[in-house]
Amino acid sequence: MMMKMMLNCRQASLLVDKKEYVELSTKEKMDLKMHLSTCKYCRNYSAQSKIINKTLIKVFKFNELELKLSNDQKQKLINSIK
Amino acid sequence: MQNSEANILSPEKWVNKYGDYLYGYAMSKLFNKELAEDLLQETFLAAFKGKENFKGKSNEKTWLISILKRKIFDYYRKKAKNIEQTQNYDSPFIEDKFMHGQWKQERAPKQWDITDADLSSDEGFLNVLKKCISFLPDKWKSVFSLKHIEGVSTNEICDELDVSESNIWVILHRSRLKLRECIEKLWFK
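Chains as they are written, first to last, in our numbering: chain A, 1 to 82; chain B, 83 to 271.
Extracted from the complex, chain B is given alone in its bound form (with noise of 0.2 Å):
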C-alpha cells in the first residue's frame, strides 16, 4: 500500500508536499540560496531514482530529509578537501620569545557595548554572524558547520573528514577567533 503510494507520487506532488520542509532545513545548515536549491535536486532527484528502495520502511519525510543530511554532508566533506587558504593562517597572538601568546595589541577582544538586553535575538546580529561563517575558509568552514549541526558527532567528522580530534579542537578555537574579529568589525565598529 506505502509502496504504491510512492510510485504514484509525481515530481510535482513531491515538491509541493515536501519542498518548503526540505528548503528551511537546508539553509539552516547552509544560509546560502543556491546551494540550498541545488542539494534539494539533488535530493529529489536521488530520491525519485530510489524510490523503488524505499519501500515504505518510514515516513517520505523522514526518508527525504535523512537523504538531504546525507547531501550537506558530503558537500561539506568535498569543501574540506580545500585547503590552499588556511595555509597563511594570521594569528591574533604575538609568537616571538617573549612576549609567546599574547594578544596583539591591535588585535585584542575589545569590549562590546552590549546595551541591548538579548543580542542572539537580533535578526542582524544573526546575519552578521552567518555571514562572518560564510568567509571562515572552506575547510574551517566544514568543521565548523558540522559541529553545529544536530546529530552529527565529532567522530564522524573525523571519520569523514579525515582530521584528528585535536585538530577539530584547533579549528574551532581559530574560527571562532576570526568569528569575533569579524563580528567586531562589521558590528560594533
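Here chain A stands alone, though its shape is the one from the complex (with noise of 0.2 Å):
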C-alpha cells in the first residue's frame, strides 16, 4: 500500500523537470521530497538537472558583440539578395 503511495524514479525524474518550468504543487513537492531522501540515482539527476539548466540559460543567449560574419560569409549573403 505504502509503495503504492510512492513515486517511482521515473515519476520523480520528471517531477525534477517540470521543476526547472513550473512552480510545483505542494503534494508533488512532497512526494519529491520523499523519493530523493531515499533515492541516490534521482538525488544525482536533481543535481544534474541544475547544472544542465544554469548551462542551458548560457547556450540560448544571445550575446551581441560575440560572433561576426567573415567577409566571405557577407559577400555570399550580399550575392544571394541582389
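A portion of the hints provided could be inaccurate.
Claimed, not checked - Listed next, the stretches of chain B that the computed footprint assigns to chain A, with coverage defined by at least 3 CB atoms under 8 Å from CB atoms of chain A:
(1) 122-128
(2) 172-185
To be verified - Computed cross-link-like contacts, PhoX-like style, restricted to lysine-lysine with a CA-CA straight-line distance of at most 25 Å:
(3) Lys-260(B) with Lys-82(A)
(4) Lys-99(B) with Lys-54(A)
(5) Lys-82(A) with Lys-95(B)
(6) Lys-50(A) with Lys-192(B)
(7) Lys-68(A) with Lys-186(B)
(8) Lys-260(B) with Lys-33(A)
(9) Lys-68(A) with Lys-192(B)
(10) Lys-212(B) with Lys-161(B)
(11) Lys-143(B) with Lys-54(A)
(12) Lys-18(A) with Lys-153(B)
(13) Lys-267(B) with Lys-54(A)
(14) Lys-229(B) with Lys-58(A)
(15) Lys-18(A) with Lys-131(B)
(16) Lys-260(B) with Lys-54(A)
(17) Lys-61(A) with Lys-223(B)
(18) Lys-74(A) with Lys-143(B)
(19) Lys-153(B) with Lys-58(A)
(20) Lys-68(A) with Lys-151(B)
For the record, the hints were derived by calculation from the structure and aren't laboratory data. Virtual Cβ for every residue (Gly too), placed ideally from N, Cα, C.
Each chain sits in its own coordinate frame; assemble them with the hints.
The following block contains the structure:
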C-alpha cells in the first residue's frame, strides 16, 4: 500500500524536470522530497538537472558582440540577395 | 523620410549594417553555421521584397529581427514534422511489472565529479551541451529549442507544432534524460 503511494524513479525524474519550468504543487513537492530522500540516483539526477538548466540559459543567450560574419560570408549573402 | 531611407538601402548596406547582429542571434538559437547563413539569406530576401511594407513603423533592426525570429520558428516547425526517429524511444527505466519505473542499472545517473566551481561557465561544457542538443531527434529538438528561446510561450509551441501541453512535458523530460546521458558520455567519461 505504502509503495503505491510513493513515486517511482520515472515519475520522480519527471517532476525534477518539470520543476525547472513551473512551480510544483504542494503534493508534488512532498512526494518528490520523499523520493529524493531515499534514492541516490534521483538525487544525482536532480543535481545534474540544475547544472543543465544553468548552462542552457547561457547556450540560448544572445550575446550581441560575440560573433561576426566573415567577409566571405558577407559577400555570399550580398550576392544571394541581389 | 524613414520610408525613403529604407528604399535607398542596398543589399551591401543591409548586410554590413545588420549582418553580424542577425547572425549572432541566429547562431544562439540554431548553433549551426550553414543553417544560420541560410536563414539570414531568407530573412534579407524577405525583407528586401517587403521593404515597401516596412514604412518605418519600427526601427529597421527590430523589423529584421522579427522576420528572422519568424524564420527560425518556421524552421523548427517544419523539423518537428519529422517524427520517424522518436518512434523507437529507448527508455532508461525498467518497464516490467516488478521493478516498474526504476532506473536501469547501467543507465542510472552517476555522481558527476564536479571539482570545478562553475561548469556552466566552461566553454567546453557549453559546446558539449550544444552538441548533445543537436543529437536529439528532430521533433524533440524543435520543442526543446523553442521552449528555451526567450519570448516563445508554451501555448505558441502547442499551437504551431500541434502538440498537446502534456506531450510537451513528456518531450522536454525525455529530451533532458537524453541530454543527461549524452553529457555523461562526452564530458564525464
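Consistency of the hints with the structure:
With 4 residues bearing a CB less than 8 Å from a CB of chain A, the stretch 122-128 of chain B meets the requirement of three and the coverage assertion stands. Counting residues of the stretch 172-185 of chain B whose CB falls under 8 Å from any CB of chain A gives 6; the rule of at least 3 is met. A hinted pair counts as satisfied when its Cα atoms are at most 25 Å apart, and Lys-260(B) with Lys-82(A) does not qualify at roughly 43 Å. Among the hinted pairs, Lys-99(B) with Lys-54(A) is inconsistent with the structure: their alpha-carbon atoms are about 33 Å apart, more than 25 Å.
Between Lys-82(A) and Lys-95(B) the CA atoms are separated by roughly 12 Å; this keeps the pair inside 25 Å, and the hint holds. Straight-line distance between C-alpha atoms of Lys-50(A) and Lys-192(B) comes to about 15 Å, which keeps the hinted pair within the 25 Å bound. Between Lys-68(A) and Lys-186(B) the CA atoms are separated by roughly 45 Å; this puts the pair beyond 25 Å, and the hint is violated. With a C-alpha separation of about 23 Å, the suggested pairing of Lys-260(B) with Lys-33(A) holds against the 25 Å cut-off.
A distance of roughly 39 Å separates the Cα atoms of Lys-68(A) and Lys-192(B); the hinted pair therefore is violated under the 25 Å criterion. Among the hinted pairs, Lys-212(B) with Lys-161(B) is consistent with the structure: their alpha-carbon atoms are about 17 Å apart, no more than 25 Å. Between Lys-143(B) and Lys-54(A) the alpha-carbon distance is near 29 Å, which puts this suggested pair outside the 25 Å criterion. Note on Lys-18(A) and Lys-153(B): the hinted pairing is violated, with a Cα-Cα distance of about 28 Å set against a maximum of 25 Å.
Between the alpha carbons of Lys-267(B) and Lys-54(A) the distance comes to roughly 19 Å, so the proposed pair stays at or under 25 Å and holds. Of the pairs offered as hints, the one joining Lys-229(B) and Lys-58(A) holds, with about 14 Å between alpha carbons and a cut-off of 25 Å not exceeded. Between Lys-18(A) and Lys-131(B), the direct Cα distance comes to roughly 43 Å. Violation of the 25 Å bound is thereby established for this hinted pair. A distance of roughly 17 Å separates the Cα atoms of Lys-260(B) and Lys-54(A); the hinted pair therefore holds under the 25 Å criterion.
A distance of roughly 17 Å separates the Cα atoms of Lys-61(A) and Lys-223(B); the hinted pair therefore holds under the 25 Å criterion. For the proposed pair Lys-74(A) and Lys-143(B), the alpha carbon gap of about 17 Å is at most 25 Å, so the pair holds. Using a Cα cut-off of 25 Å, the hinted pair Lys-153(B) and Lys-58(A) holds, with the two alpha carbons roughly 22 Å apart. Only pairs whose Cα atoms come within 25 Å are accepted, and Lys-68(A) paired with Lys-151(B) is accepted, the gap being roughly 19 Å.
Consistency note: the structure conflicts with the earlier hints numbered 3, 4, 7, 9, 11, 12, 15.
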